[in-house]
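Each protein sequence line maps, in turn, to chains A and B. Just so you know, we're using my numbering here: the first sequence kicks off at 1 and counts up by one. Just so you know, we're using my numbering here: the second sequence kicks off at 1 and counts up by one.
Calculated directly from the structure, the hints in this document are not laboratory data. From a predicted model like this one, the values you see are computed outputs, not experimental measurements. Positions of the beta carbon are idealized from the N, C-alpha and C atoms, including for glycine. Among the hints, erroneous ones may be present.
The list that follows gives simulated cross-link-like pairs (lysine-lysine, DSBU-like), each with its CA atoms no further than 30 Å apart [what the hints assert, rightly or not]:
(1) K74(A) with K42(A)
(2) K49(B) with K210(A)
(3) K74(A) with K49(B)
(4) K161(A) with K74(A)
(5) K281(B) with K176(B)
(6) K49(B) with K79(A)
(7) K219(A) with K170(B)
(8) K421(B) with K398(B)
(9) K170(B) with K161(A)
(10) K377(B) with K210(A)
(11) K79(A) with K310(A)
(12) K281(B) with K210(A)
Here are some, though not all, of the chain A residues that point toward chain B, as calculated from beta-carbon distances under 7 Å [what the hints assert, rightly or not]:
(13) T62
(14) A63
(15) G123
(16) E158
(17) L207
(18) S258
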Amino acid sequence: MSDPSSSDAVKSAGWLGRLTAGLRKSSAKLTGGIGDLFTKRKLDGAALEELEELLITSDLGTAMAARLTANLAKTRFGKDVTSEEIRTAFAADIETTLTPVAVPLEIDAGKKPFVILVVGVNGAGKTTTIGKMAKQFRDEGRSVTLAAGDTFRAAAVEQLKVWGQRAGVPVIARETGADAAGLAYDALNEAKGRGDDILMVDTAGRLQNKDALMDELAKVVRVMGKQDETAPHAVLLVLDATVGQNAHSQVEVFRDVSGVTGLVMTKLDGTAKGGVVIALAERFGLPVHYLGVGEGVDDLRPFTAEGFAKGLLGLS
Amino acid sequence: MFDGLSQKLGSVFDALTRRGALKEDDVRAAMREVRVALLEADVALPVVKEFIEKATEQAVGEQVIRSVTPGQMVVKIVHDCLVEMLGGEDEAASELNLNATPPVPILMVGLQGSGKTTTTAKIARHLQTKAKKRVLMASLDIYRPAAMEQLATLGQQADVITLPIVEGEKPVAIAKRAMDEGRRGGFDVVLLDTAGRTTIDQALMDEVTQVRDAVSPVETLLVADAMTGQDAVATATAFQEKVGITGIALTRVDGDARGGAALSMRAVTGVPIKVMGVGEKTDAIEAFHAERIAGRILGMGDVVSLVEKATENVDEEEAERLAKRMMQGQFDLNDLLSQLRQLQKMGDMKGLLGMLPGVGKMAKQIKDADVDPKMIKRQEAILLSMTPRERTQPAVIKASRKKRIAAGSGTSVPDVNRLLKQYQQMAGVMKKMKKKGLAGLFSGGGIPGAGLQGGLPGGGLPGGLPPGVPYRGR
Ligand SMILES: Nc1nc2c(ncn2[C@@H]2O[C@H](COP(=O)(O)OP(=O)(O)OP(=O)(O)O)[C@@H](O)[C@H]2O)c(=O)[nH]1
Ligand SMILES: Nc1nc2c(ncn2[C@@H]2O[C@H](COP(=O)(O)OP(=O)(O)OP(=O)(O)O)[C@@H](O)[C@H]2O)c(=O)[nH]1
Ligand SMILES: [Mg+2]
Ligand SMILES: [Mg+2]
Numbered sequence: 001m002s003d004p005s006s007s008d009a010v011k012s013a014g015w016l017g018r019l020t021a022g023l024r025k026s027s028a029k030l031t032g033g034i035g036d037l038f039t040k041r042k043l044d045g046a047a048l049e050e051l052e053e054l055l056i057t058s059d060l061g062t063a064m065a066a067r068l069t070a071n072l073a074k075t076r077f078g079k080d081v082t083s084e085e086i087r088t089a090f091a092a093d094i095e096t097t098l099t100p101v102a103v104p105l106e107i108d109a110g111k112k113p114f115v116i117l118v119v120g121v122n123g124a125g126k127t128t129t130i131g132k133m134a135k136q137f138r139d140e141g142r143s144v145t146l147a148a149g150d151t152f153r154a155a156a157v158e159q160l161k162v163w164g165q166r167a168g169v170p171v172i173a174r175e176t177g178a179d180a181a182g183l184a185y186d187a188l189n190e191a192k193g194r195g196d197d198i199l200m201v202d203t204a205g206r207l208q209n210k211d212a213l214m215d216e217l218a219k220v221v222r223v224m225g226k227q228d229e230t231a232p233h234a235v236l237l238v239l240d241a242t243v244g245q246n247a248h249s250q251v252e253v254f255r256d257v258s259g260v261t262g263l264v265m266t267k268l269d270g271t272a273k274g275g276v277v278i279a280l281a282e283r284f285g286l287p288v289h290y291l292g293v294g295e296g297v298d299d300l301r302p303f304t305a306e307g308f309a310k311g312l313l314g315l316s
Numbered sequence: 001m002f003d004g005l006s007q008k009l010g011s012v013f014d015a016l017t018r019r020g021a022l023k024e025d026d027v028r029a030a031m032r033e034v035r036v037a038l039l040e041a042d043v044a045l046p047v048v049k050e051f052i053e054k055a056t057e058q059a060v061g062e063q064v065i066r067s068v069t070p071g072q073m074v075v076k077i078v079h080d081c082l083v084e085m086l087g088g089e090d091e092a093a094s095e096l097n098l099n100a101t102p103p104v105p106i107l108m109v110g111l112q113g114s115g116k117t118t119t120t121a122k123i124a125r126h127l128q129t130k131a132k133k134r135v136l137m138a139s140l141d142i143y144r145p146a147a148m149e150q151l152a153t154l155g156q157q158a159d160v161i162t163l164p165i166v167e168g169e170k171p172v173a174i175a176k177r178a179m180d181e182g183r184r185g186g187f188d189v190v191l192l193d194t195a196g197r198t199t200i201d202q203a204l205m206d207e208v209t210q211v212r213d214a215v216s217p218v219e220t221l222l223v224a225d226a227m228t229g230q231d232a233v234a235t236a237t238a239f240q241e242k243v244g245i246t247g248i249a250l251t252r253v254d255g256d257a258r259g260g261a262a263l264s265m266r267a268v269t270g271v272p273i274k275v276m277g278v279g280e281k282t283d284a285i286e287a288f289h290a291e292r293i294a295g296r297i298l299g300m301g302d303v304v305s306l307v308e309k310a311t312e313n314v315d316e317e318e319a320e321r322l323a324k325r326m327m328q329g330q331f332d333l334n335d336l337l338s339q340l341r342q343l344q345k346m347g348d349m350k351g352l353l354g355m356l357p358g359v360g361k362m363a364k365q366i367k368d369a370d371v372d373p374k375m376i377k378r379q380e381a382i383l384l385s386m387t388p389r390e391r392t393q394p395a396v397i398k399a400s401r402k403k404r405i406a407a408g409s410g411t412s413v414p415d416v417n418r419l420l421k422q423y424q425q426m427a428g429v430m431k432k433m434k435k436k437g438l439a440g441l442f443s444g445g446g447i448p449g450a451g452l453q454g455g456l457p458g459g460g461l462p463g464g465l466p467p468g469v470p471y472r473g474r
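The task is simple: from the sequences and hints, build the whole structure.
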């Protein structure tokens, strides 16, 4: 196993470079497409259809893409438009949709500990995101404990322990195969006893159509409520930016089962655009707190409506 | 959330009762719905366009056969096209290629978290237990925390040997050591698990090409998540161009994603999908089935695998006999008894229903209906308390007989009534089916109890599954 710094070195130029490179690349096709379509061209029916299709290629979904193009048509139909104008108009519209959900995660200092439960489908980036967030909380001077609630997957506990070291925070763990709810219960007890500011609870990845696994998650939530009626105080659903329309059902089911309070989207440093988040914002109105932009401990950004909208459309 | 395509097409064609050849205008109207359905299923736009072109060409001028509606005909053509584009039923193409001097290197690549490590262990276990190969696994993931421990643990669980971990060794060196060890230890196959990487991470893409050059893999499998959206094209193309892939491993097929990414990746790379991951455990791996994925993408439910799974446990001959009787409208209480017994053998209904992504409502209906094993046992007891004559001629069962049957089976008269009512509903559906073929089965009228599912296996599916089984459930 290599240390984090050397892995970051291999993985090149720092997060900013990667984010910009990533978003530029991810918007390249979209914006390239718009560029090809419009140096200056009349916005007619055919042009609108092509624009709608380009939005679809960013996973916005057919309905959201149709809505955005319809809005564009309202003011500009039949007019001569440039690609820059179109991109700016789309970005503004998307920003408006995202603004209400671009809300940072608030830590209520009155809760000791403030309990954050992290949930999501397999491989979305839960454990990594916990590591990154823990590091940020530590840097803000808060005391943090992690609970290795993934008692199922091979080496999940070891993985979280490494993240605990990277962030400089303790990890409460049991052997693989132990009861996740029991662990969460004890971890909360322990963190409470220590007077920790924050307890972050990792969970095993689970697909939202697996009833038994979702029941198990509901139980984790329930037992923590026995320790502290108000816990968990935040339930973050981690979404992978490569996900398509299935994200809708992920949000819906995880929300119903575990009371999701906010979203995190990971892997925006790749070619995926994560455009589904726009449709999710409109449909569910759940806050989006963070974006993951790499595998390093510092590769976590706050979500901003303007940044996301402009990034998606290749505007800086 | 998604309506079945056939349902949508149904509305397009509602007004259309004409027979004869499919007209271009009608086909185009239908294809607009197909387009939206495919996009909602996450098929990538360029692939959707290509597909629509092809399907339209095939559909225009096609004679509508008598037993189906024009809408059903279009669904069938679309389904067939989809199966073909997914690689058809060419099973040989989806087999892993092990034709080389051992040890045969297999390289696993893909984005972060797509399922490479798990799939590596699954394939290893499969080759070892089913193909009787000696398999060695090695992790080249020096980045992700505990990645190597993860593979080692999975190896222990699946009884597959993993290459001992050497601290600080670089991926190319690990790969070479794995091949050396493979030769020395007389292994047939060496599976190389790699770190997840985005395709725009130049350093990591270079690293994996160096690994490739060092070991010349016979198979390079792109491991990709069935939930992937439009990015499937960019990712698959990049791995194909920069590393060169020979096949795709589609993971999380046990989820409820429509799986359009499978079509996208297959279409843009031209390589076959070789395996599917259907769970987290190391035995949760299956061969690729184009029919299954096609049905899923169209939102018609995973009809084929439901049927397959059911038939595995159901006595084929009995199912056929029942099917025949159903088709002839002769279904009596003896048949219901036989069906209940088959149903018991089928095991976890919920699991089966989980495979039907497009039929949420129906699944719920069945879930809420009487499928618990205790209920089935009770119904069986009721049926066994009847005389043979009562079972062949249910009409004779009047109040006094009901009382006797209830007493004999330790149930109550309402229980007996419920069973009889369920039987009548089923018989009604069977009649409809007799008239309309399978189509009738899914139109209107709920699913009466669970019995129907038991009848599906042999029932009305002579000679394999009917593309475009008109799933017009509402
Ligand atoms: N490029 C990139 N990779 C990420 C990001 N976040 C997580 N990953 C990687 O994605 C993979 C999966 O991350 P995990 O944190 O293990 O995901 P998980 O949701 O905990 O997975 P399970 O516990 O197995 O369900 C790892 O290789 C991470 O390094 C991100 O923002 N960008
Ligand atoms: N439900 C389900 N889960 C799967 C399947 N395949 C893998 N997983 C889960 O997905 C998560 C990620 O799997 P890994 O095998 O660690 O993925 P990876 O590609 O090796 O991840 P990195 O090495 O971090 O890039 C784990 O929680 C696995 O248990 C599958 O077919 N179905
Ligand atoms: Mg995890
Ligand atoms: Mg791995």
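Now for the hints, and whether the structure bears them out:
1. K74(A) with K42(A): Roughly 14 Å separates the two Cα atoms, so the pair holds.
2. K49(B) with K210(A): 34 Å, violated
3. K74(A) with K49(B): Given pair K74(A), K49(B) holds - Cα atoms ~27 Å apart, limit 30 Å.
4. K161(A) with K74(A): 54 Å, violated
5. K281(B) with K176(B): Cα-Cα ~29 Å, so holds.
6. K49(B) with K79(A): Since the Cα atoms of K49(B) and K79(A) sit roughly 28 Å apart, the hinted pair holds (cutoff 30 Å).
7. K219(A) with K170(B): 43 Å, violated
8. K421(B) with K398(B): Between K421(B) and K398(B) the Cα gap is close to 13 Å, so the pair holds against 30 Å.
9. K170(B) with K161(A): 23 Å, holds
10. K377(B) with K210(A): Holds - the C-alpha atoms of K210(A) and K377(B) are around 26 Å apart, at most 30 Å.
11. K79(A) with K310(A): Distance of about 23 Å is within 30 Å: holds.
12. K281(B) with K210(A): 14 Å, holds
13. T62: 5 Å, holds
14. A63: For A63(A), the interface hint is violated, since the closest Cβ of chain B sits about 9 Å away, which is over 7 Å.
15. G123: 3 Å, holds
16. E158: Check passed: Cβ of E158(A) comes within 4 Å of chain B, closer than 7 Å.
17. L207: 4 Å, holds
18. S258: 17 Å, violated
In this structure, the hints that do not hold are numbers 2, 4, 7, 14 and 18, in rising order.
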